[in-house]
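Listed here are the chains, written in short residue letters.
Protein chains: 2
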Amino acid sequence: MKPFLNISLFFLLLICAIDCKYMVYDTSPTIQPNKLNVHLVPHSHDDVGWLKTVDQYYTGANNSIRGACVQNVLDSVISALLDDKNRKFIYVEIAFFQRWWNQQSEILKDKVKELVNNGQLEFINGGMCMHDEATPHYVDLIDQTTLGHMFINKEFGQKPRVGWQIDPFGHSAVQAYLLGAEVGFDSLFFARMDYQDREKRKNEKTLEVVWRGSRSLGSSSQLFTGIFPRHYDPPDGFTFEINDVSPPIQDDHLLFDYNVQERVNDFVAAAIAQANVTRTNHIMWAMGTDFRYQYAVSWFRQIDKFIHYVNLDGRVNALYSTPSIYTDAKYVANETWPLKTDDFFPYADKANTYWTGYFTSRPNFKGYVRTNSGYYTAARQLEFYKGRNSSGPNTDALADALAIAQHHDAVSGTQRQHVASDYALRISKGYAEAEEVVASSLASLTALKSVGTFQQCPLLNISYCPPSEAVLGDGKSLVVVVYNPIGWKREEVVQFPVTSREIMVRDSDGKEIESQLTPIHNTPLDNTYYLVQAYTGKTPSTTPHYWLAFTASVPPLGFSTYIVSTAKDTDTSATMATVWNFTSDTGDRIVVIGSGNLKLHFDTEEEKLTHYINNRTMVEEPYEYSYSYYAGHNSTNQASGAYIFRPNGKFPIKPAGQKDFRVIKGPLLHELHQETKPWIHQVTRVYKDKEHAEIGFMLGPIPIDDGVGKELTTQITTSLKTNKTFYTDSNGRDFIKRVLDYRTDWDLEVNEPVAGNYYPINLGAYVEDGSTELSVLVDRAVGGSSLVDGQIELMLHRRLLFDDAKGVGEVLNETICVVDDCRGLILTGKYYVRIDPKGDGAKWRRTLGQEIYSPLLLAFAEQEGNDWTSSHASSFSMIDASYSLPNNTAIITLQELESGTVLLRLAHLYEVGEDKDYSVMASVELKKLFPNRKISKVTEMNLSGNQERDEMEKKRLNWKTQDSSEAKIVRGGGVDPEKLVVELGPMEIRTFFVDFDYLKMFASE
Amino acid sequence: MKPFLNISLFFLLLICAIDCKYMVYDTSPTIQPNKLNVHLVPHSHDDVGWLKTVDQYYTGANNSIRGACVQNVLDSVISALLDDKNRKFIYVEIAFFQRWWNQQSEILKDKVKELVNNGQLEFINGGMCMHDEATPHYVDLIDQTTLGHMFINKEFGQKPRVGWQIDPFGHSAVQAYLLGAEVGFDSLFFARMDYQDREKRKNEKTLEVVWRGSRSLGSSSQLFTGIFPRHYDPPDGFTFEINDVSPPIQDDHLLFDYNVQERVNDFVAAAIAQANVTRTNHIMWAMGTDFRYQYAVSWFRQIDKFIHYVNLDGRVNALYSTPSIYTDAKYVANETWPLKTDDFFPYADKANTYWTGYFTSRPNFKGYVRTNSGYYTAARQLEFYKGRNSSGPNTDALADALAIAQHHDAVSGTQRQHVASDYALRISKGYAEAEEVVASSLASLTALKSVGTFQQCPLLNISYCPPSEAVLGDGKSLVVVVYNPIGWKREEVVQFPVTSREIMVRDSDGKEIESQLTPIHNTPLDNTYYLVQAYTGKTPSTTPHYWLAFTASVPPLGFSTYIVSTAKDTDTSATMATVWNFTSDTGDRIVVIGSGNLKLHFDTEEEKLTHYINNRTMVEEPYEYSYSYYAGHNSTNQASGAYIFRPNGKFPIKPAGQKDFRVIKGPLLHELHQETKPWIHQVTRVYKDKEHAEIGFMLGPIPIDDGVGKELTTQITTSLKTNKTFYTDSNGRDFIKRVLDYRTDWDLEVNEPVAGNYYPINLGAYVEDGSTELSVLVDRAVGGSSLVDGQIELMLHRRLLFDDAKGVGEVLNETICVVDDCRGLILTGKYYVRIDPKGDGAKWRRTLGQEIYSPLLLAFAEQEGNDWTSSHASSFSMIDASYSLPNNTAIITLQELESGTVLLRLAHLYEVGEDKDYSVMASVELKKLFPNRKISKVTEMNLSGNQERDEMEKKRLNWKTQDSSEAKIVRGGGVDPEKLVVELGPMEIRTFFVDFDYLKMFASE
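One line per chain: the protein sequences are A and B, in this order. Residue 322 in my numbering sits at position 322 of the first sequence, and the numbers go up by one each step. Residue 431 in my numbering sits at position 431 of the second sequence, and the numbers go up by one each step.
Since the hints were made in silico from the structure, they are not lab data. Every clue listed holds true.
All copies of an identical chain are treated as equivalent in the list; a pair is satisfied when it fits inside any one copy or across any two copies.
Straight-line Cα separation of at most 30 Å, BS3-like style, residue types lysine-lysine; simulated pairs: (1) Lys21 x Lys85; (2) Lys724 x Lys608; (3) Lys721 x Lys838; (4) Lys109 x Lys154; (5) Lys85 x Lys113; (6) Lys35 x Lys202; (7) Lys109 x Lys21; (8) Lys111 x Lys85.
Throw the hints in and build the complete structure from the sequences for me.
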């Protein structure tokens, strides 16, 4: 074909030489080995929500905010690709592509499939969105990528080969190795990196590297990584959206302003400039930017002309390309590439512009995403138990909502307010449907018949739970089913608000168990009343008086049942906790919080905690916490805003000094309540049987009547000598070492001593010295640092009054409203603190970390009489009764796919060398996970489940690196189809398709 | 086909009802008689130059000024039309379409032809541009329309049926009847009209009328005229360009913000609102505006949906339509329509916003266009004589440049400066090529062999003519060929600058004729020196000292030759005029200017003219002229600018009082030179054998150092009692009666007593009382009025310092530059004044008017020795020696078309009742026009030459009007093929295709 094509082209060009009107452009060039090859990659960067909602972006609605219509992009790109088979385009965001695909005719779908088959249209990245890398949990990243990849695979049989994270504001280790190498990507490309780092890399031609994101998995999970010299748009003067100002090539001699040679010269000059900072004779131009190609012809026409005339000129070779073609060309060049480890945080694009504010922006939304992520994990398990219903209520809507919420302007908190509300609305609709799935699955599993259904309490965090608050009269009981989505048995105190005092709790054997009532203080109740109206539009009908607490004991991947009923006499009722209110009471200056191994000392004079003492481990450490705020810089030069953290002074927040604190002690837990300010409430909670402190906070509205935006932080302070070193996690997975005012890759010039030392925290952070380690775990993404030895600082809340000029164009000043009564955002959340002898912290961090992500799920039913346990399954575990998952592993996905196949992901929870006991190969016995089902087939897949693992490994490119020494990598071996035991090396996640002989059988049947 | 289509549609819709993702929209609706029909007319209004040049608009270059690319419009529209055969689009500006067409493949051209054939793509208006209606000459309007219509006819066989002058700033009578009815249009649509008029018409439902633009041609040249209720865009909320803010219809249940019913309600409400001001149950929505449909799908997708859902709703009927379909629907409705006569000037869109400034804006450019229009008319005649050369130099480029210069932001003077320069550059290139045609035709006609070629002097108006300025030494003579493009014999004084004093002029018989030398004053020479450099980039190499004048006598459509040579002695040399310089000389207080019938009295004390006396007609009338300026309003509320005339006070400009005037008297003409200000030079010129005064002026730079923009006017003042009534022409053709502070169609509320009484003048203006009439003729378009009885005011020049916020975004402050020496524009021009007994003025206006438009064309050659007349044809006339055209007729077009056929247009120059002798049927004998050729065929065509006249008349719609009484219309009858005599009724223009048996024969052979 090729010679024929060229002959016909020649003929057409000859005709043109005579007539010179109708031009046929030769767009066929491919790579030329002996020239500088300019890979022109047409692309559109389509944010899955930002200034507008995802659907507004898709349909082109709300254009007064931003003219953007992804439907136009896809319509016009497909049409332009069909017009010339040499043209190529990459598409990235499957949330948009799926919307478009659903609306197309079968005829067009067939044409598009052909475009994919012949390489004209290539899916890159291929998740539902281009996720953020700082603030999502790795399970969410996997889920959203899987959703997109499976769609692509189902419709086109294509498996994306390239990561394309061009816009996120910093880049995580987990992205590189887990969402990169482990999904089968050969390369990853992005634009944003520290300006100092970029400058050095340009000088040293190290913008392209091989990145090993995981210490544990090393070269077995590396990939080629290319950083753009500037941004993800073409060099200046080569943008061709409708109305763009770049001069088009004017090659019609009949018209004025003929400019072919001038434009070719521009092209060659720009290409040479880039070649000067790039290794090999291949460079890539990302031909597009945000929401471009709304009329694709406007781009393709000019790119056609450039390819034609630049190649006639002959100095460089311009070609239609994709990142895959570019990657292969880089690979073939047989270059030895520099190595990169760890990550690319924090990101600064100039001296005072550190993109570390968004680690915390919209903290309630971040919490909502995280809560629903854990709920989705549990709901899928219960959906699998019951059997997936494609048409009825299922977890798909929640999956979809959570997927787009991982977008780099979603969970990041950098979208406009109405868009944040849209994400939240989608999650809430998805949750509502998933809640039905959970309720009906529990109904099935408990064999509950016609007596209503289970209710759940998503607003438990603000003390709102109508089913538990109902007065238990007339012999009615409250049935509480406690589900444990984790593969190991748990004993945990559960709490929910109740109204009456005479109350007792029995387990499923009818045995009364110890329980505790804690009076609810007024201030949180006021907030609850307001927030319930704001969130639900309803006024709470009851006023709970107490938190009821008892210890639930729940089997792995199963549930236990507890019955709450009216106590016959006070002897049997729940123990009322004692309340010491120091504004009126007197007593010792030092009060001890905690009745188990852990004791916290509270100095009632100074109104602060002073010591952390563990009687078992003999750790005894000065300990205090404090609050302070950073004043948000409001300079027009660079303000602190949704993205940017630019503090203008740090201001400690002292307690009021009015003894506005209370200590509450009961048999199961002790609490210290403090109101540092009317807008800072904190509860420090110590459970009898746990060795960590749980800190609950209710923060806000942050006052702004002084005209100053504030970024609220808390400091956990010990006396550890931590040598400027601290550790933060990467998307809740690997911990990365951070050193104050230091970067591994270049000599840091420090311009922002606070903001430049902030890192994203999803799981937690820790510091250590020779003998002790201090760990903090979080319930959502926050920014944090260790600015002072022995101290960990978390930024919990932000309220700012200036836009930081990074595009969102809106002030990050969140409010909640009941009708017209709008108040600054009130935030509720928790963090967890533990101090361990050095070397012991990892066990707690990994174990509790998993439990925070997957809390016990409570479901409530009202019961007439006392016969529940006789007519219901009151306890259940999916897995073999004799079995539980090893403590260093977790089931992170258990999901029935539409095909009936079950998607199972098992994760090793520890890194190499992290724990002396657990950083070893672990084994999981699949047969014991599914005791009542016959496994017919187990297929190991890549992480995103779009191809078999073997197939992926076979295709993987083996990059040569400058430093190739590394310790032996430990990974699990093949799964014996008879034994069905899965081995997991440290940090390894393995993904399987599991097929059963009979699927719809319930464990309980 | 229709039933099949509907069945298949039904089937597809059924599929959708099941799956509801892929939607097929029913776009097939046509007119429904019993519903309100909303005719949706997709269109793009593409200015042929305005903020950007025509080619920049076409290619999308220079988008930093304005994002607009007509290539995108046409590419994407054609593609969208091919996608759905119910979609329709109209295209208007052939200058753009032709550019696009030239670049298309034959395959696509065939598809486009099919779109035209099936009515999806309809050409509307169809000239090269949407011409201005205030400032072009009717010959230019005809030529530019013909160019477009012939292109359409040649490529598609289509004849546009509808005038579409949606944007011009006021509407002329000539547009309606001549460029409307006479080209075969059934209707005309536009948007802009006086706001008071519009309000009344909306109330009375008279926005749609039948317009009779010509008193002379009445109902034989009427057409249906529709004025849009607001502008030429859709109702608010229905614009769908990429990035437009109107809410798109969101009809995908899978996405958020479903809004079908809401949008249908919006549509119905907007339709009903328009129906309330419109007769019949048909309304039209112009679905588009400036440079829209850059991605046509963005519009068509939404219009598809509206048609589909609005018709499902059923309250109104929405359909794809065109103005033709709409016109036919209006016609079928059988309504009786109100009548409209005269025109729609001036246009005001609000109380203080009269669009009457542009009548004068860019006066030099207006003059340049007019000069080249006349030149083009002459050059086509000479091209025809010689035989057209399609490949060699021809007049096509000038035709093209003049055509686009008629655009409503071109000759109107309302474009940006760089665009004005582009138009001028195109004209100058076209002129240069036409000059070659003229030179070589004259060379052929004079049988000149190898002795160089003829030179012409386009800068004669600024005293620059290198061939005539050359010193005649060594026995050389200067041969002057004087060509007369008019059909009657002319005797006129010709003048050109010469260097030497001893000079004589002989006619072609060798007979010495009377000649006069007039010394050239220094001030104009300084300006000449500067302007020549500015215009040509060259420094004048000689300095002429005199104007040489002699009377040339030239046959109709022919030339005479004169020889200028060195005089042997002073007796035989040209007569030196006497110069009276009153700063030094003394004499009578009253000096008489004029040695023939006309005498002007000049009062040297008062420094002004006082009387106009004609000894033949016995007219004796007080007469003076004066200058004054209007200060340009600079209010941000409404400034005076390129479009708008908003005076802020009128300031008389008094003569300096320093006797800075001179009187020059010679045998052929007298001149009065006055320098009212250093920037106001005027020469009043009276020829011995003419009875009018010719006023030459050189104006500028208008001083602006006081920060005030100025609009410079001249007043010609007599004592006539003119009763607030005056007459101005319509595009150089019909005169229309104007009454101060009065409109025929409504009770005028006067808000701008000056600007609101300004009218466009192309030929001239006159006032009259019971016994006398005062006429003024102009050499280009100007604005003018008669604000005071007996006085005519012309606005000659404008220089303003504020933008008037009508879109051009640039201040009308013209400068000319020599390298970095920039000065305010210096304007040169002429006007002509005559006072006649009542009833005699028309003859002069019509005759001299024609001669101003078609001046004698001078060509110069240097001759060795004295043998010119023996070796050359020194005199020539194309027409029969015994014949000349009747005095009331003109050949306005004589042009050889590419096919070889000759396009001939004959015009009657008088209106009904205008002159007692000439307002009668005239006859032209074609055989005598072409004495040496055999006419094989004469076909009468419509005005734009795209169809036979009979065919056009047969199709013409006969509208019923409310007032149908009128006097009998006089029109010429059919042309007897033997006699070949063409009759012309008053104001009639008839267009013929003339074919000859042998074409390339020259009259001179």
